[in-house]
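**Q** One-letter residues, chain by chain:
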Amino acid sequence: MADIFTIALIWSTIRLSTPLVLAALGGLFSERSGVINIALEGMMLAGAFTAAAVTHAAGNPFVGLLAGMGAGLLIAAIHAVACIRYRADQVVTGTAINILMIGLPPFLSGAFFLSSGSTPQIPREHLIPWTPIVIAFILVPLTWYVLYKTPFGLRLRSVGENPEAADAAGVRVAKMRYAGVLLSGILAGIGGAYLSIGQSSLFTRNMTSGRGFIALAALIFGKWRPVQTMLACLLFGFTEAVTIQMQGVVKLPSGEDIPIQFIQMVPYVLTIVVLAGFIGSSRPPKALGMPYEKER
Amino acid sequence: MSLFRELLFPLIAVLAAFVVGGILILLVGDNPLHAYALLFGSAFSWPVGVGYTLFYATPLIFTGLAVALAFRCGLLNIGAEGQLYVGSFAAAWVGIEFGGVFIRNGAGEIVNSPIANLPIALLLPLCFIAAISVGAIWGGIPGVLKAKFGSHEVINTIMLNFIAVALCSYFTQYHYKIPGDPIMQTAEIGSNANIMRLGKFIPSMPSFIPLNASFLLALLCCLLVYLFLWRTKWGYELRATGTNPSAAEYGGVSVRKQIIIAMTISGALAGMVGINEVLGYRHRYYDGFSDNYGFTGIAVALLGRNHPVGVILAALLFAVLQRGGIPVDAFTEHVTKDIVQVLQGTIILFVAAEAFFRGPFSRWGLLKRSKV
Amino acid sequence: MIELRNITKRFGAVLANDHINIKVEPGTIHAIVGENGAGKSTAMRIAYGFYKADSGEILVEGKVHEIASPHDAIALGIGMVHQHFMLVDTMTVAENIILGAEPGNAVALDLDQARAEIRRVSEEFKLAVNPNAVIEHLSVGQQQRVELLKALYRHARLLILDEPTAVLTPQEVDEFFAILRRMREQGKTVVIITHKLSEVLAISDDVTVMRDGKVVGRVKTKETNAAELARLMVGREVLLRVEKPEAKVGQPELSVQGLTVKKADGSKRIDNVSFDVRAGEILGIAGVEGNGQTELIEALAGLVASNHISGKILFENRNIAHEGARLRRELGIAHIPEDRHRRGLLLEFDLAENSILGVHYRKPIVNVAGVFLDSDAVRRRANEIIEGFDVRPANPDLPARALSGGNQQKLIIGREVKVNPKLLLVSQPTRGVDIGAIEFIHRKLVNLRDAGCAVLLVSAELEEVTSLADRLLIIHEGRIVGEVDPKIATIEEIGLLMTRGH
Chain A
1 MADIFTIALI
11 WSTIRLSTPL
21 VLAALGGLFS
31 ERSGVINIAL
41 EGMMLAGAFT
51 AAAVTHAAGN
61 PFVGLLAGMG
71 AGLLIAAIHA
81 VACIRYRADQ
91 VVTGTAINIL
101 MIGLPPFLSG
111 AFFLSSGSTP
121 QIPREHLIPW
131 TPIVIAFILV
141 PLTWYVLYKT
151 PFGLRLRSVG
161 ENPEAADAAG
171 VRVAKMRYAG
181 VLLSGILAGI
191 GGAYLSIGQS
201 SLFTRNMTSG
211 RGFIALAALI
221 FGKWRPVQTM
231 LACLLFGFTE
241 AVTIQMQGVV
251 KLPSGEDIPI
261 QFIQMVPYVL
271 TIVVLAGFIG
281 SSRPPKALGM
291 PYEKER
Chain L
1001 MSLFRELLFP
1011 LIAVLAAFVV
1021 GGILILLVGD
1031 NPLHAYALLF
1041 GSAFSWPVGV
1051 GYTLFYATPL
1061 IFTGLAVALA
1071 FRCGLLNIGA
1081 EGQLYVGSFA
1091 AAWVGIEFGG
1101 VFIRNGAGEI
1111 VNSPIANLPI
1121 ALLLPLCFIA
1131 AISVGAIWGG
1141 IPGVLKAKFG
1151 SHEVINTIML
1161 NFIAVALCSY
1171 FTQYHYKIPG
1181 DPIMQTAEIG
1191 SNANIMRLGK
1201 FIPSMPSFIP
1211 LNASFLLALL
1221 CCLLVYLFLW
1231 RTKWGYELRA
1241 TGTNPSAAEY
1251 GGVSVRKQII
1261 IAMTISGALA
1271 GMVGINEVLG
1281 YRHRYYDGFS
1291 DNYGFTGIAV
1301 ALLGRNHPVG
1311 VILAALLFAV
1321 LQRGGIPVDA
1331 FTEHVTKDIV
1341 QVLQGTIILF
1351 VAAEAFFRGP
1361 FSRWGLLKRS
1371 KV
Chain F
2001 MIELRNITKR
2011 FGAVLANDHI
2021 NIKVEPGTIH
2031 AIVGENGAGK
2041 STAMRIAYGF
2051 YKADSGEILV
2061 EGKVHEIASP
2071 HDAIALGIGM
2081 VHQHFMLVDT
2091 MTVAENIILG
2101 AEPGNAVALD
2111 LDQARAEIRR
2121 VSEEFKLAVN
2131 PNAVIEHLSV
2141 GQQQRVELLK
2151 ALYRHARLLI
2161 LDEPTAVLTP
2171 QEVDEFFAIL
2181 RRMREQGKTV
2191 VIITHKLSEV
2201 LAISDDVTVM
2211 RDGKVVGRVK
2221 TKETNAAELA
2231 RLMVGREVLL
2241 RVEKPEAKVG
2251 QPELSVQGLT
2261 VKKADGSKRI
2271 DNVSFDVRAG
2281 EILGIAGVEG
2291 NGQTELIEAL
2301 AGLVASNHIS
2311 GKILFENRNI
2321 AHEGARLRRE
2331 LGIAHIPEDR
2341 HRRGLLLEFD
2351 LAENSILGVH
2361 YRKPIVNVAG
2371 VFLDSDAVRR
2381 RANEIIEGFD
2391 VRPANPDLPA
2401 RALSGGNQQK
2411 LIIGREVKVN
2421 PKLLLVSQPT
2431 RGVDIGAIEF
2441 IHRKLVNLRD
2451 AGCAVLLVSA
2461 ELEEVTSLAD
2471 RLLIIHEGRI
2481 VGEVDPKIAT
2491 IEEIGLLMTR
2501 GH
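Residue numbers (the working numbering), protein chains in the order written: chain A, 1 to 296; chain L, 1001 to 1372; chain F, 2001 to 2502.
Hints should not be assumed to be uniformly reliable.
Straight-line distance between alpha carbons at most 20 Å, and here's what the computed EDC-like set of lysine to aspartate or glutamate pairs gives [unchecked claim]:
1. K2312/F <-> E2323/F
2. K1233/L <-> E2348/F
3. K149/A <-> E2117/F
To be clear, the hints were calculated from the coordinates, so they are not data collected in a lab. Just so it is clear, the structure is predicted and the values come from calculations on it, not from any experiment.
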């Protein structure tokens, strides 16, 4: 068992959980305000592509990071307007955005960079492997603080649990929900940016490969709370790290091999179990997914 | 709502999406009309264009039907992707284990012996049953979870997608791959399990075109789903549950049973993709073969207004786009075939915004028991 | 203190408030009474800015004010405690109270200051609460105190309370009244919306009576009594008297014995109720809405979770208390539901498909292989119902949504009657139905009864239930509090039983 817990593995875990933490925290703001966000995947892709493209053009990763945040914000705005103003189905809108983002970044890449979907390689000195990690893990206590210790957080939570009560107390429900969704776009954008200009050095098509969904699973596993969500992300990140590190097979103390796929499955199975209520109750924000409309 | 108006909304959404796409094409410096001409032109050439288009449409019809049927019961099946994978693997497994396929390694030693070598008359139906029933189980699981525990099917199906991929990957890698084969795929299935390509029957169609009999099966399924939903008592109960579970309960329908039934049939339909893919095309299970069929199925169902006829039309449209993506990529300066996904995503976005008055799908509380 | 002048509010086809005038004197406890649907809540929600009036004006302390949102109302010193509490269950008392008016600044909630202020207001009005308790763990009485504190925390000078005692036990009601009196001593003005006359007489200084969206009376509590208030509330015009022959009564079809129905939170909605309904009679149940009628009918129809039911429901000597809705239908029990949109119809489906709801899986609707719907049979049935019950427009392909309320109701009634039930459960059969259809529906119910069916009729419309029923039970707070002969009982007598329980 000793070969599992090496420093390299821990470090790998942190690196691999970073985009998850960022996206999951983003999802937290959105869902706590009552808006389902399955489009984390798409928002990350937007961030990843834009960050890579802009970093290449500007030669500065921080500008790229900002651009990535902006791209996430833009995509989130589409989701927000469709769901809040037009009360479109939130899951369907999210799916639409994901499909859109499978195609749009490579399309733009092909147009601007004449490539098959990737952005040009970015030189090492223009990458930011550390900054997003720091941002991610600072954001966890920050999110906790904002959510539980500021008026903004109080109102955000109230809008996700009982928008009618919040409205009766004078809180502007739509405004809070916009804030939640747009924040999710910004954070997911950072998560995506880390993938392209932090963890690697370019954007390739569909480079998130499901991380947005894993972040969502982590959020649910973490019962929509910041610290638990971070722990869930670490678990998922650990799983991925083990998968890579162990190169196909995990050895038990008894010497038997466990194929990596079974390790991969663990977080997903756990999420299902948690959601079904087998491990404590997993209660989403009460008003999650329900557009708020009131008679005037 | 009259039939005309029902068709109008998706049509407007599609046209609007093409306008947006056109703007994008302009932005990258190409002529939208030229691009669209290429997009549609290649899909209708005979025999190659039509053949490939119909072949691409086949899995989309299956997943579109799956999602549409679940929608009709008020359920969001995001798990068609996982269901089609397990169904496909199941078909391949039967095709190998019962198709007399010996898997040998580089030295000629036998790594896996089959259970039997059945004749076509037994093997083929067995493969069909495998694909359908395993897909059904994979769909039934989230159905049961929702009916018994109230946990929402969106997340459960997404999780099961990942689990499905991991499971199939495991079985392929450790048990059914030819050792030494760098590609993650199983051995070829027994020849008795192959479905003939339509090229063999249609005079002018060459047989390299993978269009096979499963396309006809897909059309048959459309008919069956139609009959089921609108002509049987079971379909009536399913649709009633989807539109108003309180009234359905009042009418003596067991809402919980309907959830499980709907998800199970939905999974079964998605599983049938395996018949096309494994039995009719690659003749093996190829890891990661699905080009987002499950998610596109959602788009197809939505665009097709959750009706079998609409599903066929929407699947054809998406297939046309997929087929046309290749020449667009090749013959324009800047437009790549990713424009297809851009168009698809935009179409759904517009359809979804149009459907803002059809809100019930996102409700976490949907199908909550309406008892005091 | 506050005055509503000529306020009018329409919701779609319903005129909720019709040029109403309400004047509340400062420093008093003012009761607004009326039956459900009278428009009381609507009027006060307009005062609180939750709704916007179509016309009319609101004066606060003599000056006209625009109240466009609760924000404005709160700024003017108006606070409201709603019938269904507007509390966030998962948050604490303190968090709920300060929501929207948080102390501290944008970056930090000053919870200490909040707690101190809450304690201060708490002591001033003797409203004891633990600021750190989570709402969902509190009793209903305690939650109500939190709601009151919410308003007081924002320095409300006028408190509007909507049906505040609806969920309280008798002891909690006494404590609550003590609180109200304290508030009045402190110079607050209180408006209490209620339909419980005993409480009105016990606590209020003035009473405004509303009925059908209009104000029908304004009196000083000292100068009136329960009988007069009851009369104003339920009205005396006799709309329709149904001519019906003498009932030919047979054996009891339904025998309810000691039925108790509980809600998820454990409270009893129906409390140890017993009665019989015999073949060939219409048994009426009169009562103000919200006193358990809904739960009673749903329990009889099989739409209540089995573990919430105790007692016996005997249908033709078989205990069906724990059987499902389908079996009850098969045994011969039909149900015309109170909420036709939620329970009674599949609005998106056409009339034909709606006409088979409940029999959709049996012959003759299903024939081929016992699985396929026989579209001819469906059509035939639909047409028979449409013609037999004068459903207009007479087109079975129209979606149910397209019909008016009256025609929808006729369709439902036709569908239920068509199965020739032995027992028919009917709830609010003519709510939202136009006059012409009302008469028709009444006639059909009498016909059914004459054919030997046992009919259980629940209605909040006194005229309807007294003219249709052969025997009349009064329900109040989940119990049967009296039985009268509808031919000779007076409106006052019935009204008193309905609103006071004795």
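**Q** With reference to the structure, classify each hint as holding or not holding.
**A** A quick look at each hint next to the structure:
Proximity of K2312/F to E2323/F is assessed by CA-CA distance (about 11 Å); at most 20 Å being required, the pair is judged to hold. The hinted pair formed by K1233/L and E2348/F meets the criterion: a straight-line CA distance of about 17 Å does not exceed 20 Å. With a CA separation close to 18 Å, the supplied pair K149/A and E2117/F stays within the 20 Å bound.
Taken one by one, the earlier hints all hold for this structure without exception.
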